[in-house]
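*Asks:* So the protein lines, in turn, are chains F and Z.
Each residue of the first sequence is one higher than the last, beginning at 1 in my numbering.
Each residue of the second sequence is one higher than the last, beginning at 1 in my numbering.
Certain hints may be false.
Identical chains share a label here; the pair holds if one copy fits it or two copies do between them.
[Stated by the list, open to error] Okay, derived cross-link-like pairs now, DSS-like style, lysine-lysine, Cα gap no bigger than 27 Å in a straight line:
#1 Lys8 - Lys174
#2 Lys208 - Lys149
#3 Lys208 - Lys83
#4 Lys83 - Lys226
#5 Lys4 - Lys21
#6 Lys78 - Lys6
#7 Lys56 - Lys17
Hints are computed from structural coordinates only; laboratory data are not their basis.
Protein chains: 2
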Amino acid sequence: MLSKAKIKYINSLQQKKYRQKEQLFIVEGEKIIAEVLSQDVFKVHSIYATDIWLNKNMTFAAQYTGILTTISVAELKKISTLKTPNQVLVLLEIPKGNISSNNPDQSFNLVLENIQDPGNMGTIIRIADWFGVENIFCSKGCVDCYNPKVIQATMGSFLRVPIQYTDLEVLFQKHTELPIYGAVLGGTNLQQSRLKTPSFLLIGNEGKGLSEATQQLITEGITIPKFGGAESLNAAVATGILCAAFRQ
Amino acid sequence: MLSKAKIKYINSLQQKKYRQKEQLFIVEGEKIIAEVLSQDVFKVHSIYATDIWLNKNMTFAAQYTGILTTISVAELKKISTLKTPNQVLVLLEIPKGNISSNNPDQSFNLVLENIQDPGNMGTIIRIADWFGVENIFCSKGCVDCYNPKVIQATMGSFLRVPIQYTDLEVLFQKHTELPIYGAVLGGTNLQQSRLKTPSFLLIGNEGKGLSEATQQLITEGITIPKFGGAESLNAAVATGILCAAFRQ
């Protein structure tokens, strides 16, 4: 059974300010949660599951008795962020300080400036996971990576890629030896560029691209050549194409 | 002024069955509509615009007096499919028969099997436009390309890429000389494959990939190499990476 207060509390975590206050975020869906319960980066705070999920996941359930609440499908609907709720919802703790990240000087680092759309952010995290990106650095203007829509769009990849929010200029000042590639219009043709890692790959905002200030910081501007009429590519698609080129 | 009946009529076009009955679809937003009004593939059926739009677009407005209705922002909200309606909504006629397409035997043809998500479909059309794809062929199981969410996600690219719905097996039988590349798991590594055009590039459903039956039809299975933990890439992202590889 879920009290009205508990429903309100869980719903409040859809907003960044309450996630920050409570240091908790929502994860949903059987598939992602099977992964969530077999990792140890994020501590499980509580589990809300239907009988259907419990019957299928007795082993997991046994480990979490103290923090597991059985709920009805109707109750799940009240706390879910999904159109079609999927048997189980988990609250995870936001790690204190930075998640243990890889040394940028030895890594393929993806850097995001003011990515706003949660779907794009989640898809980019999934791309980073596919291509073995070792760190994601986000400007403070990026959407919160613990937004439920971001988490869902990662398809579980948020469990594997360390993500940090930071001042980009300070970041680059700490690693002056690394090349900083930036996705821009009118840069070096991707096919002619010699991409190498360790390095930073910088992706800008969906509508505006990289800010003027940040463009000053890049060592090489890269452009995906265009053969048709579209004005631009979606930010996540561009990230995918560039990450693939780095791994070539 | 908009009557209740007119509001209901326009709203009904959010559903495929009414779009097919009326042979009309919705396009919204100042930027796309500026492009819409300067092309002649799709005939303009009617325009619903606020005073703000009218004042900025007197030249266009003069050409369309008979089919232009001035509406308030509140009225626009009632007919819009967007969270933040944007000054103008246009109904376009769905072309009779197939849109004049390019000869597949001389084209880079993108073929979609059961792409379900409107956002993905729109993003794929935008990618196709960027990379100069000359035809898009969709299986009957794909989401309708005149769905308002698809149209919005194309960012205007639906105006430039010919899209047809067809039986894929019949399509391939008509063009037996062309290679059929398919995005699959466990195929030729993209980096080792020799992609050439004219050809077909086949992309499958978001969750399931290409169907068994369709996999039988491909001449070469292509796989984007993976370096990390993600189970898969988003269908639109995979399409972008493969199109970029074709144009290399």
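*Asks:* Now tell me if each hint is right for this structure.
*Replies:* Against the structure, the hints come out as follows:
Within a single copy, Lys8 and Lys174 get their C-alpha atoms no closer than 43 Å, and across copies no closer than 59 Å, so neither meets the 27 Å cut-off. Taking CA atoms no more than 27 Å apart as the test, Lys208 paired with Lys149 passes in both settings, with 22 Å inside one copy and 22 Å between copies. Taking identical chains as interchangeable, the C-alpha atoms of Lys208 and Lys83 lie at most 27 Å apart only when they sit on different chains, with a minimum of 21 Å there against 31 Å within one chain. For the identical chains of this complex, Lys83 and Lys226 are neighbours neither inside a copy (37 Å) nor across copies (31 Å), given an alpha-carbon limit of 27 Å.
Taking identical chains as interchangeable, the C-alpha atoms of Lys4 and Lys21 lie at most 27 Å apart only when both belong to the same chain, with a minimum of 20 Å there against 46 Å between chains. With identical chains, the CA atoms of Lys78 and Lys6 are at most 27 Å apart within one copy only, with a shortest distance of 10 Å there and 35 Å across copies. When the C-alpha separation of Lys56 and Lys17 is checked against a cutoff of 27 Å, the pair qualifies neither within a copy, at 35 Å, nor between copies, at 39 Å.
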